[in-house]
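Student: Start from chain P and add chain V according to the hints.
Quick mapping for you: the protein sequence lines, in order, are chains P and V.
Those letters in the first sequence? Residues 1 to 376, per our numbering, in order.
Those letters in the second sequence? Residues 1 to 376, per our numbering, in order.
It is possible that part of the hints are untrue.
As a list, the in silico EDC-like pairs of lysine to aspartate or glutamate whose alpha-carbon atoms are at most 16 Å apart [stated by the list, open to error]:
| hint | chain 1 | residue 1 | chain 2 | residue 2 |
| --- | --- | --- | --- | --- |
| 1 | V | Lys270 | V | Asp327 |
| 2 | V | Lys306 | V | Glu231 |
| 3 | V | Lys69 | V | Asp81 |
| 4 | V | Lys270 | V | Asp183 |
| 5 | V | Lys69 | P | Glu10 |
| 6 | P | Lys69 | V | Asp81 |
| 7 | P | Lys69 | P | Asp253 |
| 8 | P | Lys270 | V | Asp139 |
| 9 | V | Lys290 | V | Asp302 |
| 10 | V | Lys270 | P | Asp139 |
| 11 | P | Lys306 | P | Asp253 |
| 12 | V | Lys306 | V | Asp335 |
Hints are computed from structural coordinates only; laboratory data are not their basis.
Protein chains: 2
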Amino acid sequence: MQPDLSDSIETPQLFLDLPRLRANCQRMRSHLAGHAVALRPHVKTAKSVEVTRIALGADTGPITVSTLKEAEHFFSRGYRDILYAVGIVPGKLQRAAALKRAGCEIKLVLDTAVAAAALADFCAREDIVLPALVEIDTDGHRAGVAPDSQLLLDIGAVLGPAGLLGGVMTHAGNSYNSQSTADIQAWARREREGIVLAAERLRAAGHAVPVVSVGSTPTALMGTSFAGVTEVRAGVYMFFDLVMAGLGVCAVDDIALSVATTVIGHQDEKGWVITDGGWMALSRDRGTQKQAVDQGYGLVCDASGKVLPGIVVVDANQEHGVIAARDGGALSPTDFPVGRVLRILPNHACATGAQHRGYLVLDGDHTQHWERINGW
Amino acid sequence: MQPDLSDSIETPQLFLDLPRLRANCQRMRSHLAGHAVALRPHVKTAKSVEVTRIALGADTGPITVSTLKEAEHFFSRGYRDILYAVGIVPGKLQRAAALKRAGCEIKLVLDTAVAAAALADFCAREDIVLPALVEIDTDGHRAGVAPDSQLLLDIGAVLGPAGLLGGVMTHAGNSYNSQSTADIQAWARREREGIVLAAERLRAAGHAVPVVSVGSTPTALMGTSFAGVTEVRAGVYMFFDLVMAGLGVCAVDDIALSVATTVIGHQDEKGWVITDGGWMALSRDRGTQKQAVDQGYGLVCDASGKVLPGIVVVDANQEHGVIAARDGGALSPTDFPVGRVLRILPNHACATGAQHRGYLVLDGDHTQHWERINGW
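If we strip away everything but chain P, and leave its shape as in the complex, we get (with noise of 0.2 Å):
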């Protein structure tokens, strides 16, 4: 049961389901626990120790990290195993080499043979071990070596002879752009067989690979096999959203997370609603658009948080939404009373977060706040 807010609340401000919140992460520590594989949460959707302790079921644990501030709070909040899963550049080595003398296991990422370089000419001449993981390439998105390529094997016997291997990472974004899914479980697939191959080559030249890591949302719950890999890395998960929910990964009344507006006036021949919550509140992210179902800037709820279905948010300026009927019939202005609180799902969890400095945290009747950490 969800309280329903009526205008005493501020507006526009970032709702934070509990129950749902405790449930999806349970999904995500069930699922990993029945294949035996260790899971490492990203915190970069959530940036709030408070989640993450949630996700992990425990005060602390691995974690995976999006920036170096991140690394730095959680670290001062009592988390010690680290990964930076963002190329390191020799101008960031300070601040991760700061991060390892104050006594926190920070693992790095790279994929090229100039950082492996600069990694291991930094660490002799600091005195330090800065760990790295080599990304891979498994699905053509972003960055990584090819699992195949003689380039893994020169920054393996760069990283190896100076004891700074710590194993391999792959991520499967292209799994988000799937139709279905079959086609989320062949992206699960590729990753997988991907980062064993590079781990394997690598065992083959002689290195030890402690860490074999893999993580999208998508391919973590949708995978079916996860032999050879050490870890699992998502983060999207603890919130869910309606990209998630489009691929088939979650149900829409699982999203926990959701935006509160007001409405604040109409455009009755239009049949259009506005509110105060444009996409200051609500972000630019378009995830949906791609989709089969396009939910413009995000489907809307009424005030305790149920569906209004084929109502969404069809534009958003920056501190305006406006929100119509996806067929275009028009929406009445005695439904959508200057004033009334609706609440808003958005196409993307981390981008509408990232829009906020905390949480308004619902459980039942009893609310807290929550901060975020944004920033680099």
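Tutor: Quick look at chain V alone, frame taken from chain P:
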């Protein structure tokens, strides 16, 4: 001359070119002075007291805000004449009243009979005067009542006798979709004629209409007549961006805002350069997508701010940018080594700015930090 920033800079980071900011602000002030119309800059783009001082050419003056948080922040820094330009709802009246009681001459905006009645009731009950401008729809873009509507007179009949009719305002947001300078000038004419008609109809009904307010950066800069208009609101002109350059309102070299990023890797076979500047730093805004030249997620410059023609951010993940040639040609890793700093010009300055907490302000060899205030 721009400083040539080496890899000593922390990235991603938001840069603000002070000479360009000053020139852009001077251009608007000179243009409006020539038309003898007042400027009420919109602080929603910069969200910075320091930038607003340059826009006004004075320590304080009239401003437009998009959130009550901006109003509270600027009032605390000495700004007393503030227009809150998003439709007011009953739930926000207490915050506005607190500003008024503290000495702020805050003006509100509304466009429904319900909001007008709620405001009149509130002011009578609280014994306070919170004047409101009636928002006029002059372009079919978003909010506002038609200038020739009965609703306008109905709202006037509620606000006028209560001493709450501050005037009329409009925003020609559709000017952003113009295809030519002539198009922009047509929107400017329509904006001016609509708002003047609305003011005249209210005056004919016996109401005083002291404020007649228009504004959008394209119509403000391209408008050729402001007869009957008392003030102009605009914000993005301070920084400009690629959308404005695509409209011909500014040159690319006028853009004062950029995001510094570092090369973190390559995809040699695809000719891609991977950076640490993803959508978290650039925003998800794709405002140039429908223009003649699609700038992707931004146009790439070298570390000194010089445009690298035809090189754009073609894709953006949360903390990864993918840079490529617009014509599909491959970029050479030799030209973009790991660690190289690049600067990205934004599609939409409001959206990109919102991803950051402050500016690294560049003024020749001198740099300083200015804060932004985000949130609500």
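Student: A separate judgement is required for each hint: does it hold in the structure or not?
Tutor: Each hint tested on the structure:
1. V:Lys270 - V:Asp327: holds (13 Å)
2. V:Lys306 - V:Glu231: violated (36 Å)
3. V:Lys69 - V:Asp81: Holds - the C-alpha atoms of Asp81 (chain V) and Lys69 (chain V) are around 15 Å apart, at most 16 Å.
4. V:Lys270 - V:Asp183: Violated. Lys270 (chain V) to Asp183 (chain V) sits at ~40 Å, over the 16 Å cutoff.
5. V:Lys69 - P:Glu10: Holds - the C-alpha atoms of Glu10 (chain P) and Lys69 (chain V) are around 12 Å apart, at most 16 Å.
6. P:Lys69 - V:Asp81: violated (38 Å)
7. P:Lys69 - P:Asp253: violated (32 Å)
8. P:Lys270 - V:Asp139: holds (13 Å)
9. V:Lys290 - V:Asp302: violated (26 Å)
10. V:Lys270 - P:Asp139: Distance of about 13 Å is within 16 Å: holds.
11. P:Lys306 - P:Asp253: holds (8 Å)
12. V:Lys306 - V:Asp335: holds (15 Å)
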